[in-house]
Amino acid sequence: MKLDKKTKEALFEFLLMLGDNRLILGHRLSEWCGHAPIIEEDIALGNIALDLIGQSSAFLNFAAVVEDKGKTEDDLAYFRNETEFKNLQLVEQPNIDFAYTIVRQYFFDVYSNLTLESLTSSPIKELAGISSKSLKENKYHLRHSKQWLLRLGDGTDTSNLKTQNAVDNLWRFTKEIFEHNETENILIDKGKIPETVNLSEQWYDLINKTFEEAKIKIPENNSDFSSGSRNGFHSEYLGHLLAEMQILARSYPGAKW
Amino acid sequence: MSKKNNESQWTLWEVFVQSEQDGPHVHVGSVHAPDAEMALQNARDVYSRRNEAISLWVVPANSIIATTPSDNGPFFDPSRDKIYRHPQFYHVPKGLK
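Sequences listed follow chains C and G, in order.
All residue numbers in the first sequence are consecutive under our numbering, ending with 245.
All residue numbers in the second sequence are consecutive under our numbering, ending with 339.
Keep in mind the hints are simulated off the structure, nothing from the lab.
You may find that some hints are simply not true.
[Unchecked claim] If you anchor each label on the Cβ, the simulated ranges turn out as follows:
no., chain 1, residue 1, chain 2, residue 2, range
1, C, Asp177, G, His269, 52 to 60 Å
2, G, Asn304, C, Lys59, 53 to 61 Å
3, C, Asp85, G, His267, 30 to 38 Å
4, G, Ser305, C, His168, 52 to 60 Å
5, C, Lys124, G, Pro302, 24 to 32 Å
6, C, Thr71, G, Ile306, 53 to 61 Å
7, G, Gln330, C, Ser147, 55 to 63 Å
[To be verified] Here chain C is said to cover these stretches of chain G; the calculated rule only asks that three of the stretch's residues, wherever they fall, bring their Cβ under 8 Å from a Cβ of chain C:
no., region
8, 269 to 275
9, 287 to 296
A quick note: this is a predicted structure, and the numbers were derived from the prediction, not measured.
Heads up, the beta-carbon is just placed ideally off N, CA and C, and yes, glycines get one too.
Isolated chain G, as found in the complex:
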């Protein structure tokens, strides 16, 4: 176990489940575990016990780089008034199917 960990709490891992062939791995939740193998086993026991999965990913939560609420303005607001970025904005010419 790495020294960074709080003694009473193992590393947090985010769990992604793929439920059908060629489908995306979807985030379903998280587990605590001391290492990757145990994280995979815990994810299997917690998130695939009712036949939900054909593949599992676990990722250390601290490896995920996320935006913070203070990023929201500059990151997301500018796209709000640019509805022309949606394909629905454009009229489909008559006769085109």
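Bound-form chain C, shown alone:
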């Protein structure tokens, strides 16, 4: 694959965004292992966590190839620091309760489905390939989180309250999903990834439709948004997550099991 320096750097960053989102969310979901409300859901969340970590592995592996500095996907996952992670602030937010977990997951799943679907038409065949394989998994994730959201929102008074509370508190991390950044712009200009400007409209349409059905309201305060993850600004939760995720690889470099 022949790419000029600028495009190559942009592609590397873009792959980090895709990989980091899935790595961090996958890790968050893995924290439910042994703690989910019922054993069936424990297994479901574990499956989804593993899918996401698998997708992350594919994106980061390709990122390492593009970067061409002799690194591996593990180097990228375990030996980068907090400010070097490109994941959305949304996915690093703590589990708190099952409603938070499902709302966070639903926001991400809708976004992920739209992004991966558009990336399947990328002329970079590795990117298109990983995206189309991941899309299949994500379609199931979306079905899972959407069905839960409908049942929690339109369930009991308590489940509605908890879900609405999660939406109210996570809403401020949603605008960041669609902030266009230099990295994406370069790749769009070079024709390496499809133009995705309409993505946010589709996202809001889908969210609105589901929320209406789930009797959940979109928060009215629309000014207090948090962003900056693509430039290394994260919430206070990412550092703690990374400490736990990276400690083994950093304490025993090259450890195998």
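We have chain C already, so just place chain G on it with the hints.
The following block gives chain G in isolation, referenced to the frame of chain C:
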């Protein structure tokens, strides 16, 4: 959720997996779930995660009508001494393949 359910326990669903085209759906176990869609999802996550299935059935366990141990005598014993109901009982005439 129907009122019949115990508050802490969802409905029990029996899960049947078909592992190949034209093969039978075989009973593999059960899951708890509040409704059919969630039962199907739980069955998918618990019983098809290692590529075992091409089709899944879930059936509310209370929809299955089963014999009880007290039925065993009248139901099954009478067939024990009727070995002529097995095709192996009969000799195949010579020359027939």
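Holds or violated: 55 to 63 Å for the Cβ distance of Gln330 (chain G) and Ser147 (chain C)?
With Cβ atoms ~59 Å apart, the hint holds.
That 52 to 60 Å hint for Ser305 (chain G) and His168 (chain C) (C-beta), does it hold up?
holds (53 Å)
Falls inside 53 to 61 Å, the C-beta gap from Thr71 (chain C) to Ile306 (chain G)?
Holds - the Cβ-Cβ distance for Thr71 (chain C) and Ile306 (chain G), about 58 Å, lies within 53 to 61 Å.
Given coverage of the region 269 to 275 of chain G by chain C, checked by CB-CB distance under 8 Å (3 or more):
Coverage by chain C holds here, the residue count being 3 at a Cβ distance below 8 Å.
Lys59 (chain C) and Asn304 (chain G) - C-beta distance against the hinted 53 to 61 Å
holds (57 Å)
Asp85 (chain C) paired with His267 (chain G), Cβ distance criterion 30 to 38 Å
The hinted range 30 to 38 Å holds for Asp85 (chain C) and His267 (chain G), with Cβ atoms some 37 Å apart.
Return holds or violated for the Cβ distance of Asp177 (chain C) and His269 (chain G) against the range 52 to 60 Å.
holds (57 Å)
Note whether the CB distance of Lys124 (chain C) and Pro302 (chain G) lies within 24 to 32 Å or breaks it.
Roughly 30 Å apart at Cβ, these two residues keep to the hinted range, so it holds.
Verify this for me: three or more residues of the region 287 to 296 of chain G with a beta carbon less than 8 Å from a beta carbon of chain C.
holds (count 3)
Consistency note: the structure conflicts with none of the earlier hints.
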